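Novice: As a plain string of letters, each chain reads:
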Amino acid sequence: MCTMILERVAVSGAGKRPEGWFELSHASVTYDHPFHVRLEHALNIDFANEAAGPSGRLAVELEPDSARALAEAILQALERGEEAGV
Amino acid sequence: MHTYRTDMYEGMIAETIAVPGDGGELLSAYLARPLGAGPHPGVVLIHHLPGWDEWYREATRRFAYHGFVAICPNLYQREGHGTPEDVAAMVRGVGGIADDQVVADVAGAADYLRALPQLNGRVGVFGTCSGGRQAYLAACRTDAFDAVVDCWGGRVVMSEEELTEKQPVSPLDYTEDLTAPLLGLFGEEDRSPPPEQVKQHEEELKRHGKDYEFHMYAGAGHGFFYHDRGAYRVEQAMDGWGKLWDFLSRHLA
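In order, the protein sequence lines correspond to chains A and B. 9 is the number of the first residue of the first sequence in the working numbering; add one for each residue after it. 4 is the number of the first residue of the second sequence in the working numbering; add one for each residue after it.
Just chain A, with the same shape it has in the complex (with noise of 0.2 angstroms):
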């Protein structure tokens, strides 16, 4: 909770972990300390059901860079689709 930079949003569809699929709510995305990679600071995204609690919830930490070309690459698939009229 050191920089707190959090941008929260509403979102529909599923996320897939073990045991199976569950609904999302929404995703919460985060600049700050991850849990897991060797950074001081990651771009986190926690894609999560709030009325499953804490364990409800796929979560991903990614080096800046790959957040950026990972948020191009979904942009440009959605433009894709679009074009495609699909």
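It should be emphasised that the hints constitute simulated quantities derived from the structure, not laboratory data. Among these hints, one or two may not hold up.
Restraint-style ranges between C-beta atoms, simulated for each label pair [said to hold, decoys possible]:
id: 1; chain 1: A; residue 1: S33; chain 2: B; residue 2: E168; range: 56 to 66 angstroms
id: 2; chain 1: A; residue 1: A81; chain 2: B; residue 2: K169; range: 28 to 38 angstroms
id: 3; chain 1: B; residue 1: A17; chain 2: A; residue 2: E71; range: 51 to 61 angstroms
id: 4; chain 1: B; residue 1: T6; chain 2: A; residue 2: R25; range: 43 to 53 angstroms
id: 5; chain 1: A; residue 1: E27; chain 2: B; residue 2: D242; range: 40 to 50 angstroms
id: 6; chain 1: A; residue 1: V68; chain 2: B; residue 2: D242; range: 51 to 61 angstroms
id: 7; chain 1: A; residue 1: R76; chain 2: B; residue 2: E168; range: 27 to 37 angstroms
Predicted, not measured: the structure shown is a model, and the values here were computed from it. No residue lacks a Cβ here, since even glycine has one placed at the ideal position from N, Cα and C.
Model the placement of chain B on the given structure of chain A, informed by the hints.
Specialist: Coordinates of chain B only, in the frame set by chain A:
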């Protein structure tokens, strides 16, 4: 610092207990203390962003080994139970916990310690990362503590834009109210807090004539005590622990 000799008896108890926090709500807390009647000084540990985790349990036992009755309350309990990491992620995802709540929880833990028959009547507070900030805040906003240790607490200095409903006042603004002596340990390569903010904090302490000592370590960044992280710096960490034991023994014995 506690010096162990091979002909000494040593024993401690460490267990989960319940302690009243904000509004009298019972919180789980990890309590570690040397066996025997004491009297011992007390310390409240305020866990860091990664939550009420294994490092903090180890640190709590470490304080007990050094002769303190140490307590570490689960400040994230209201968000539910799960692995410390999942609970901490949930807290991170809602913008942290409210400063008012933390201060009341931590003061509750100090009251609990003072009621124990093994206490010598003096209680300190220790925190790292967000816990360092909260330790400073609790020491400024209550009279519960006789010494405070802030290890690399980020956002003690907050801009107007950083203030939120949960964290509505920059801890720096409470400096005038600090009554306990303060030890601050920081890393020169830290970005939260950066050395410029530590300097700003120090200037405010000087301005109000507070009893403090700050140590800024070269070659260290954020979290240099954490032996389970890449940020660990053995020389700086061992020196920092030494300074911490010395500081607490002077103010809590």
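Novice: Could you work out which of the previously given hints the structure breaks and list their numbers from low to high?
Specialist: 1, 3 and 6
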